[in-house]
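S.K.: Given next are the chains, with one letter for each unit.
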Amino acid sequence: MRKLTCLLLVLVMALAVVGCAPKTPTDPTPPPPVETTLVVGTAEISGNFLAGFGNNAYDVMVRNLVFGYETYSTSPAGEIVLNPTVVKAVETETDPDGNKTYTFTIHEDLKWNDGTPVTAKDFVFYTLWYAHPAWVEAGATSTVGEGLIGYQDYKKGDTDVFAGVKLLGDYQYALTIDASRLPYFFETTYVSAMPQPMAVWAPGATIESGTAGAKIVGTDLVKAASDVAAGFRFAPTVTAGPYKFVEFTNNAATTTINPHFKGNFEGKKPQITHVIVRSVNQTTDVDQVIAGELDLVTGVIEGAKIERAKSDANTDVNFYARNGFGGVFLHCDFGPTANADVRHAMAYLMDRDEIIANVLEGYGSVTNGYYGLAQWMYEDNKEAIDAFPHFSRNITKANELLDKTEWKFESNGTTPFDASKANAAGTYLRHNAAGEVLTIKHFGTDNNPVTDNVEIQFKANMPLAGVNFTIDIGDFDALLAHYYYAYDLPAGERKYHSFNLATNFSVAFDPYYSFHSDWLGTWMNANQVNDPVIDDITVRLRELEPTQVAEYSAIWLEFQERFYELLPIIPLYSNQYYDVFNKNVKGVNTTPFANWSAIICDISK
Amino acid sequence: MLRYIIKRLLSLIPVIIIISMLLFALLKLMPGDPVRLMLGPGLRAEEYRAAEIVMRAKLGLDRSYPEQYFLWIRNTAQGELGWSTLYNRPVIEAIREPMKNTIMLNVVVIILQLSITLPIGIMSAVKRGSRFDSFWQVFSLITYSMPSFFVALSLIYIVAFRFRLLPPGGMPLSTIGTGAAYYVSLMRYMALPAITLIIISLAGTIRYVRNAMIDALSQDYIRTARSKGLREKVVIYSHAFRNALIPISTIVVFSIFSLFSGSAITETVFSWNGIGRVLVRALNNRDFMLVSAMNLFFATLGITAQLVADITYGLVDPRIKLE
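Sequence order for the protein chains is G and F.
Note that the numbering used here gives residue 390 to position 390 of the first sequence, counting from 1, and the numbers run on in steps of one.
Note that the numbering used here gives residue 844 to position 239 of the second sequence, counting from 1, and the numbers run on in steps of one.
The calculated DMTMM-like cross-link candidates involving lysine to aspartate or glutamate, where the alpha carbons are at most 25 Å apart (straight line), are: (1) Lys-705/F <-> Glu-247/G; (2) Lys-633/F <-> Glu-493/G; (3) Lys-663/F <-> Asp-160/G.
What the hints contain is simulated information worked out from the structure, not anything from laboratory work.
Make the full structure from the sequences, and use the hints.
M.R.: Set out below in structure tokens:
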């Protein structure tokens, strides 16, 4: 017995000793007193710190800290601007075929965080690497290089030479946009690049460049891509951002200032010595700021938490409108929602203000189209946009709209539907001539207050217009399958007409990819909009020279007007995001286009 | 004994095979497509198709179900637990650190739990009906009926936010350094999750030990020992406790095996990067390989624990013959 007890105790103690060992030895030297540390609390970080492996917003924050020297940056105001810290000169030239070449000359004093120089090779390498099929084989996704000459052939692996890329010298390279992709209002997005360390990712490799284009030689790219995907992705050691990656352990990414960083697009350098991004419980994140455990949490939307932060003497907040919105997303090719009048009627069968009050606790606003309140186009066209009729609960209006559709009969398919007989119990419903009931099947995600509120609103109001409303609630994965990939579902499995979702806009607002009929039957045009007018507008909107700002703004308004008419999405709300931070943290002037990590060089403590 | 162990081990093989088949079938029945979840919307349509094909092949999802099953079993047997779609890396890498954290936390919890519950359980049995016993009976009832998240959030509110004595969650930061500072920080971060787990596990163990001791103390040999004039300490610890150890050893064995299984709720509330938290995330994100690997591991662990418990009976009680 004693032996057994001893054995058990020894086992327990041995495990305790093994379990308590620190994972990685860190620098034992204590930081000098002038050093500062910023601790930022986020939701779960997945640890993929290289673009191409998922789009976790918190991974992106770490990427923003450690990667840098992009040729084009996004300013806090949401403009795509040339980065003069990196680019010494840029020249453009259009050949007789209409192909447009951007020749970049970069500064000679750029360095990686290990002190080695950043050269044009690293910029060319970026495009050649990300567009190479070996990168896809390694499990990464990327659209880098899209728009350049020879992209398709290179991406498919038909050739190892990328025709649209040329290395012209140690500090000069050129990228050529295919004429078929021009004009394009956001054409600089085709030629934007961020250097990656060729010597680290593909040791022994070099760039071979000639008149036919450029290619990577001297290495097995499949193996190199696999190695990067298995290693550098989780520990991006050699980078050129304001901070150096130190480690990612226990859901906390630690970075330290990069002494070789020349500056961001405004020439600013970071001021805080260490930045730590750690996953925290979202229920208590603001309380942790108040308690001094964290310096900053970002994107808070819950009213109660915002109020707590506002009322604390040592805590400050900064808020901005979300560059996006949440709404009821509709399939325009399936069932009753294929009819625009039905979609409009649905918009009149809910009280959006009540949803905002319930879900956002007042911290948000309603929009009437496919735009965000922070977009400059909205500011430009505010008067016209704000004059759009505001959707609010109006049963009479909904009935009028539905009377224009095929769903205007009683159950016998001949007697006209009498709106006055409709009741909350839903015993008197609309039918078409074939005797089919007007039914809207909705899918919402679980544990989502928006789903709850949409259900309450539609269940209460739809029967009053003779509409039978049903809802299924599931996880986000199931929603993806039914919303984005409905075109791929076997016949008979498709059953939902509407979904509650939210979307954010990128700075390069190009609705062509979301609503043009070129993308019918793909996940991109998920609403399956098939409208020649929208097709025309979205093409005209993109096929502008970057200088045609006024034209872009005018066509944008046309798009909004047509969007309003078609209503593939019923806009519900646009959040107000709050960043909560200790008062000793200065410069947290975040915007809808630049979170704290994008403006890290402005933040001090 | 050796024959018994071999027989039991052999009998485990079909059990594990059946469990693995059931697990595989359940995971395949779950709605959702891991490849689409992994890729997410973002690529251009034609590139999406290409990436989808590559990814499916990489994960082996382009094969038939039987092929997928056998591939999974073969790889698992070789220590390759597959690819985590959630963490975008091999499962073994995704769980290495959380597993270590879970073991670390559980070791502390088990040591403290046994150090507290064994003496209290024994004392409660010895002083049956006393104030001491009544207190722990009531305490056990209260803590037994409290959900762990309630205990956790209450501790966070009182200890971390109200009195600011301990951090409300997370893990020690690497900037703290190593040595004493690291361990102090580790203990601070571990304190609240450990206290929560101890509180919620106290009730069951105290009552278990108490009942085992009451049962042992009511035996004839205890009366005989007392009538022989042995000291009460000797009666309790040498006679009663040794006999009560048989049921208690089950708890100890299972506790040791539970070192590897995390506490999903407690780890999540305290952002303790443990295996329970990882498993919850994996389930929510349809990470089939991670969930199946972990479930198979836990199932195997459970069966092994049962076997070890049986063997322990034989060791603890010479009257039990294992054949």
